[in-house]
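Construct the entire structure; sequences and hints are all you get.
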Amino acid sequence: MALTEIDPQERFDALIDHGAKIEPRDWMPDGYRQTMIRQIAQHAHSEVIGQQPEGNWLTRAPTLRRKAILIAKVQDEAGHGLYLYSAAETLGVSRDELNELLHTGRQKYSSIFNYPTLTWADIGAVGWLVDGAAITNQVMLTRTSFGPYSRAMVKICKEESFHQRQGYEIMLALVNGTESQKAMAQDALDRWWWPSISMFGPPDAESTHTEQSQKWKIKLETNDELRQKFVDMTVPQAEYLGLKMPDPDLAWNEERGHYDFGDIDWDDFWEVVKGNGPCNRERIAHKVKAWDDGAWVREAAMAHAHKQRLAEPSADASRKAE
Amino acid sequence: MSYDVPKIEGEEDPTFGNSTAGTGGYPLWEVFVRAQRGLSHVHAGSVHASDGEAATQAARDVYTRREEGVSIWVVRSSEIHATDPDDSGDWFDNPKIYRHPTFYEIPEEVGHM
Numbered sequence: 001m002a003l004t005e006i007d008p009q010e011r012f013d014a015l016i017d018h019g020a021k022i023e024p025r026d027w028m029p030d031g032y033r034q035t036m037i038r039q040i041a042q043h044a045h046s047e048v049i050g051q052q053p054e055g056n057w058l059t060r061a062p063t064l065r066r067k068a069i070l071i072a073k074v075q076d077e078a079g080h081g082l083y084l085y086s087a088a089e090t091l092g093v094s095r096d097e098l099n100e101l102l103h104t105g106r107q108k109y110s111s112i113f114n115y116p117t118l119t120w121a122d123i124g125a126v127g128w129l130v131d132g133a134a135i136t137n138q139v140m141l142t143r144t145s146f147g148p149y150s151r152a153m154v155k156i157c158k159e160e161s162f163h164q165r166q167g168y169e170i171m172l173a174l175v176n177g178t179e180s181q182k183a184m185a186q187d188a189l190d191r192w193w194w195p196s197i198s199m200f201g202p203p204d205a206e207s208t209h210t211e212q213s214q215k216w217k218i219k220l221e222t223n224d225e226l227r228q229k230f231v232d233m234t235v236p237q238a239e240y241l242g243l244k245m246p247d248p249d250l251a252w253n254e255e256r257g258h259y260d261f262g263d264i265d266w267d268d269f270w271e272v273v274k275g276n277g278p279c280n281r282e283r284i285a286h287k288v289k290a291w292d293d294g295a296w297v298r299e300a301a302m303a304h305a306h307k308q309r310l311a312e313p314s315a316d317a318s319r320k321a322e
Numbered sequence: 323m324s325y326d327v328p329k330i331e332g333e334e335d336p337t338f339g340n341s342t343a344g345t346g347g348y349p350l351w352e353v354f355v356r357a358q359r360g361l362s363h364v365h366a367g368s369v370h371a372s373d374g375e376a377a378t379q380a381a382r383d384v385y386t387r388r389e390e391g392v393s394i395w396v397v398r399s400s401e402i403h404a405t406d407p408d409d410s411g412d413w414f415d416n417p418k419i420y421r422h423p424t425f426y427e428i429p430e431e432v433g434h435m
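Protein chains in written order, with this note's numbering: chain A, 1 to 322; chain B, 323 to 435.
Check before you lean on any hint, since a few could be wrong.
As the list claims (entries may be wrong) - Capping the alpha-carbon separation at 30 Å, the derived lysine-lysine pairs in DSS-like fashion look like this:
no.	chain 1	residue 1	chain 2	residue 2
1	B	K418	A	K287
2	A	K229	B	K329
3	A	K155	B	K329
4	B	K329	A	K217
5	B	K329	A	K215
6	A	K274	A	K287
7	A	K289	B	K329
8	B	K329	A	K21
9	B	K329	A	K274
10	A	K182	A	K67
11	A	K21	B	K418
Unchecked claim - Here are some, though not all, of the chain B residues that point toward chain A, as calculated from beta-carbon distances under 7 Å:
no.	residue
12	Y325
13	S368
14	H370
15	S372
16	G391
Simulated from the structure, these hints should not be mistaken for lab results. All of these numbers come straight from a predicted model, not from anything done at the bench. Built from N, CA and C at the ideal position, the CB exists for glycine as well.
Dropping the structure here:
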C-alpha cells in the first residue's frame, strides 16, 4: 500500500508516536496547527516586546562594556523574534497578520515583560532570572514536535546562555560593590523573583491545555515540573550572591530532593495576563508607534525595489550566487 | 518561562488568513548560509525584505550574528519548487538495499574494503 492511501490522521499520529518531527507541509489536525501558530506567535511577540524593558537601560548602562553587551543582547532578542515569526509563517499565517494581532491585543506575549525595569540591577535580574527561566522552558522546547519551532529553539538556546551569564555577572558586580549597590541587587531580586516563577504558567491542576499539548509532544514537561527545575537551579545561585530569596517558605526538602516554595499570587498573575500589569499599555503603544513610524521606510524601500526592477530587470540577480 | 500564555475567560482564537493589515508588503526570502569554506550553503530560515540586496543584509543581521557564516544566498520563497509530502512514498520509499555497501558480504580474510 502506498503511503498516500494511509489515513492522514493515522500518519500524523504515527509520526508523533515515533518521536518524528512534523514539517510544515505535512497534514496536521486543525487543532495542532492552531495551537502551534498561537504558541510560536506568542513566543515571537515575547521576544520582540522583551526588547523594551532592557532597551530602557541602553543609554544609561554604567560602562561602555556593559552597553555593548546590552546592545548585543537586545539585538539577539529581535533576532529570536524573527526566527520564530519565520517558523510561524510556515504554518500559513502571514507576518502582517501576526503584527496586527499583537498590535490589537488579540495575541499576547509573556506577562513578564509587563513589569518595569526600575534600576540597573533589574538588567542583572532580568538576565539571570527571566532568561534563566526562558532557558529552562526552551531547552524542553528544542524537542518539541514541530520541526521549524524545534530548530528555532536550538538556535535560540545556543544564544540564550550568554544572556543569563551576563545578567548574573551584573548581579555579582553589584553584590561585591557598596552597601547601596548590594541593596539595589536585593531589591531587584525581590521584585523579579515571583514574576519569574509565575511565568511558567498556572499549576498543572489548573492548566487546561497542557494535556493536549503533551499528547502532541509540543510540551514535554509540565509547568510545575519546569518551575521546580528552575527553583532548584536558582536558589544556590542566589546563595552564592549572598542575596535572600523573598520567600519565607523556601526550604530544602530532603525527602523530595527539591526546594519547597511558597504560594504564588495567581490573582496578580491573571491581572497582568488580562492587560492590567504595570506596563501592558506602554509596551503595545511603543510597539505600534515604532511600526507606524517605520511605514515610510517600508514604502520607500518597496518603491526603490520597484524602480530598480523597471530599470534593470535582472537587478535582483546582480549578485549572483557563487 | 512559558511563552504559552494561558487563555483568559472568554478569549477566542483569532482566525487566520483574513488580515486587513496594510504594510510595505515586503516579500519573503529563504536564507541559505555557508558556515565555512568547504561546506555547502544550508537553509537557515527566512526574512522579509524589499529586494535581494536588502534581504542579504537582513539575513546577515538575523542569521550570522556570531560568525555562523562566510557567505549568504537568498531566494524568493515563491521561487522554490518542492516535492509534495503526500507523494513522499512514491518519491522516496523505494529501498534498493543492494545500493548500500553493507549488502555485500566480503570474507574477513580479504580485509577492509
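Hint check:
1. B:K418 - A:K287: At roughly 56 Å apart (the allowed maximum being 30 Å), A:K287 and B:K418 break the hint.
2. A:K229 - B:K329: holds (24 Å)
3. A:K155 - B:K329: holds (28 Å)
4. B:K329 - A:K217: holds (20 Å)
5. B:K329 - A:K215: Roughly 19 Å between the alpha carbons, so the hint for B:K329 and A:K215 holds.
6. A:K274 - A:K287: Distance of about 18 Å is within 30 Å: holds.
7. A:K289 - B:K329: holds (26 Å)
8. B:K329 - A:K21: With a Cα-Cα distance of about 26 Å, the restraint between B:K329 and A:K21 holds, given a limit of 30 Å.
9. B:K329 - A:K274: holds (9 Å)
10. A:K182 - A:K67: holds (21 Å)
11. A:K21 - B:K418: holds (25 Å)
12. Y325: Holds, because the Cβ-Cβ distance from B:Y325 to chain A comes to roughly 4 Å (cut-off 7 Å).
13. S368: holds (5 Å)
14. H370: holds (6 Å)
15. S372: Holds, about 4 Å.
16. G391: With a closest approach of 13 Å, the B:G391 hint is violated.
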